[in-house]
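As a plain string of letters, each chain reads:
There are 2 protein chains.
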Amino acid sequence: MKPINVGLLGIGTVGSGTFRVLQRNSEEISRRAGRAIRISVVADKDTARAQAIVGDAARVTADALEVVNDPQIDIVVELIGGYTVSKELVLKAIANGKHVVTANKALLALHGNEIFAAALKNGVTVAFEAAVGGGIPIIKSLREGLTANRIEWIAGIVNGTSNFILSEMRAKGAAFDDVLQEAQRLGFAEADPTFDIEGVDAAHKITIMAAICFGIPMQFSKAHVEGITKLTQDDIRYAEELGYRIKLLGIAKRKSAGFELRVHPTLIPTRQLIANVEGVMNAVLVKGDAVGQTMYYGAGAGAEPTASAVVADLVDVARMLTADPEHRVPHLAFQADQLSNAPILPMGEVETSYYLRLRVADKAGVLADITRILADQGISIEALVQKEPHAGEEQVDIIMLTHLTREKKIDAAIRRIEGLPVISGKITRIRMEALQ
Amino acid sequence: MKPINVGLLGIGTVGSGTFRVLQRNSEEISRRAGRAIRISVVADKDTARAQAIVGDAARVTADALEVVNDPQIDIVVELIGGYTVSKELVLKAIANGKHVVTANKALLALHGNEIFAAALKNGVTVAFEAAVGGGIPIIKSLREGLTANRIEWIAGIVNGTSNFILSEMRAKGAAFDDVLQEAQRLGFAEADPTFDIEGVDAAHKITIMAAICFGIPMQFSKAHVEGITKLTQDDIRYAEELGYRIKLLGIAKRKSAGFELRVHPTLIPTRQLIANVEGVMNAVLVKGDAVGQTMYYGAGAGAEPTASAVVADLVDVARMLTADPEHRVPHLAFQADQLSNAPILPMGEVETSYYLRLRVADKAGVLADITRILADQGISIEALVQKEPHAGEEQVDIIMLTHLTREKKIDAAIRRIEGLPVISGKITRIRMEALQ
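Listed in order, the protein sequences are those of chains A and B.
Count along the first sequence from 1, then add 3; that gives the number in the working numbering.
Count along the second sequence from 1, then add 3; that gives the number in the working numbering.
Hints are not guaranteed to be accurate.
Computed beta-carbon distance windows for the label pairs [to be verified]:
id : chain 1 : residue 1 : chain 2 : residue 2 : range
1  : B       : Asp-340   : A       : Gln-341   : 33 to 41 Å
2  : B       : Arg-188   : A       : Pro-346   : 42 to 50 Å
3  : B       : Ser-224   : A       : Lys-5     : 33 to 41 Å
With a straight-line Cα cutoff of 27 Å, these simulated BS3-like cross-link-like pairs (lysine-lysine) come out [unchecked claim]:
id : chain 1 : residue 1 : chain 2 : residue 2
4  : A       : Lys-411   : B       : Lys-225
5  : A       : Lys-124   : B       : Lys-5
6  : A       : Lys-411   : A       : Lys-429
7  : A       : Lys-124   : A       : Lys-48
8  : B       : Lys-290   : A       : Lys-411
9  : A       : Lys-411   : B       : Lys-258
These are calculated hints, taken from the structure and not from any lab test.
Backbone N, C-alpha and C define an ideal beta-carbon position, used for all residues, glycine too.
Okay, chain A solo, but in the shape it has when bound (with noise of 0.2 Å):
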């Protein structure tokens, strides 16, 4: 089946993650989506650069228009930002039949009515994944994963600049204005930081997750705007010696007389999970009144994450123009003639780190024993603990953690282990992951 043909509007960092992973992933990506997706042109004012980076993989211009006019092309990725340019750029795509996808909420906060009613009228697709917690696929959750529900309220960590900063003052007691220096040396914040530390960055995506969680239209024109410019050391650490941490929430609540719909630092109860998602990480909560709450969490920005967002959309729009409406998406995520047949791996060949737990006699040897046999296996050890002995008795317990290895050669190690006359039983293993 023919390729789906992408024309790709701007080039920078999201633009270049995007081109790169659907290389990278082309084999894994025609297997879900039915058939090949390729940018097949791309516009950017920097053609050298442009080219530079597509190499001869796809044709360049800096004529964003003729890409929008192109009748090769299929969908319009939307990357260039900002809301006046891009918005004309969209309108004529949606206007010319072409599906759109972006990344901009900015452009969706404030002018999403106007695109999508057009969009509708022209029998187009506008997909929006990225414009909205990264990689997260909370656009799709929201829209498709919660429709059983009354949504009571959501609350999300949704600017990851913000996120960084009130970390890094909680963590190492900075400043606010050394925190954001730091940020922008680290590329975490813009030279000008203002949509995100002014709430604005925040504020375009609590708005556009509130339209799909409640059913209504675009309104950043009423949301309540605040950032974090104004918080200092003395807040941070008072909040915490009370049991709560600062984040910059967006938060939609569903009241009997409408809907709240603000941005502003927020105290949360530690012990709350979403009040440890430290860093440039986002996530957002969700109060179903059928699922209760559930969260979703993950890089609210980057090349990659967000080019993951894109990418879903494209599959989406292609697994709609390629299927039959009935099979627009496949059982098992992959079209049922792709499946991979390679084997599952036994157990001995699987890999992890471990924790052991020995019971042995407190005389001396008995470590040099122990490690010798594992060094025999190649297995080194993290950590090692040894226990006081309890009162009155002549054996004690050992704690090791491992580095990574086979199953099967910490199995041969702990049998030889248990076979030393100064192991008491059984030696307690369980394995280990730094889900790292």
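Since the structure of chain A is provided, determine the placement of chain B on it from the hints.
Structure of chain B alone, referenced to chain A:
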């Protein structure tokens, strides 16, 4: 437009939750789906109990086969469980050209390959969001939200009973058997808890997720299955001392030689967000090459959380049957002509609790003046801390947390308090959310 007719097989806990959610949220659900979804017939052996639940809203029969053969039924919801009768009924429904929604993880982990092949042949959908993670839309996230990624691994706390037992063992220092009995008393463990505590249920779920992540057939028989029954209090305590928490994880990993597929108790660093998922809650952590780590958290069982997933699948099928393919999912989750025009509330009407920080003269009567003003506005105080004055200073900080109040009331109180002569400068006011 004519409603979608659903036949429900089995009206136990999840079945009655599904019936209740569809009735309670019928208006909201129709606004999302584009047409009404109604359970028109219910099959259950206990017809008297079924009749008591559904009243005259649906017909009740003892004969599930009759429902599966009923030409009026568009979608069959299978909530019987097990894998003998349920398998027959699902295959018969598929053969009759009906779409199927099921929460049956055992059935899919063991017979999914056969069932999906039959569905493909007959041009119908088998939807199973409720089979893993209760109301968390994890199947949709993996299948549609992360399609850009080469999934590297997935690790999930997907059995609430086991997680409850491990949480209690750690928090209370209790033994496995005692906590199991408590879980049974609370309804968090079944009379025969084997499938939960021996890891079988978690293995069904990780088998399903692995198939979707990696594009492999269901291979339950190859999964390594190990439960929590051998864990001792000592191990939990020692792990904690070393900075780890023990969780029953279902793990699937891509390796060069094939795939790992396993369920076993696992030490994970306490600083990891997923290590802090406690009680009956579930969470699934997914590592994709583009998106990095994302996590999905929520109630993994229970009547309405599971119903939330069942109904989401019904809406998915309804949208597919209703709209032309290019409009399967409305942009803002609700049909475009179904948006609400209820207002966004002004901030003065928003209700939250507040953190207040005041700098006051360190003399008698100050606190009385302040609390009097708050009381006049009907604002009650949850906590109040007066800090020690810094050396050589005559002023002290007072920190207060209030109970819920409207913003216009707190602002009125603040204006009056700031007018007191003993107050220095402005009062710092930060909103609080309990996120309960």
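Here's how the hints hold up against the structure:
Taken as a hint, the range 33 to 41 Å holds for the pair Asp-340 of chain B and Gln-341 of chain A, whose Cβ atoms sit roughly 38 Å apart. Range check, Arg-188 of chain B to Pro-346 of chain A: about 43 Å between beta-carbon atoms, so the 42 to 50 Å window is met. Judged by the Cβ atoms, the range 33 to 41 Å given for Ser-224 of chain B and Lys-5 of chain A holds: they are separated by roughly 40 Å. The suggested pairing of Lys-411 of chain A with Lys-225 of chain B holds, with an alpha-carbon distance near 17 Å, which does not exceed 27 Å.
About 24 Å separates the Cα atoms of Lys-124 of chain A and Lys-5 of chain B, which keeps this hinted pair within 27 Å; it holds. Restraint check: the Cα-Cα separation between Lys-411 of chain A and Lys-429 of chain A comes to about 17 Å, which is no more than 27 Å; the hinted pair holds. Between the alpha carbons of Lys-124 of chain A and Lys-48 of chain A the distance comes to roughly 31 Å, so the proposed pair goes past 27 Å and is violated. Between Lys-290 of chain B and Lys-411 of chain A, the direct Cα distance comes to roughly 26 Å. Compliance with the 27 Å bound is thereby established for this hinted pair.
The straight-line distance between the Cα atoms of Lys-411 of chain A and Lys-258 of chain B is roughly 16 Å, inside the 27 Å bound, and the hint therefore holds.
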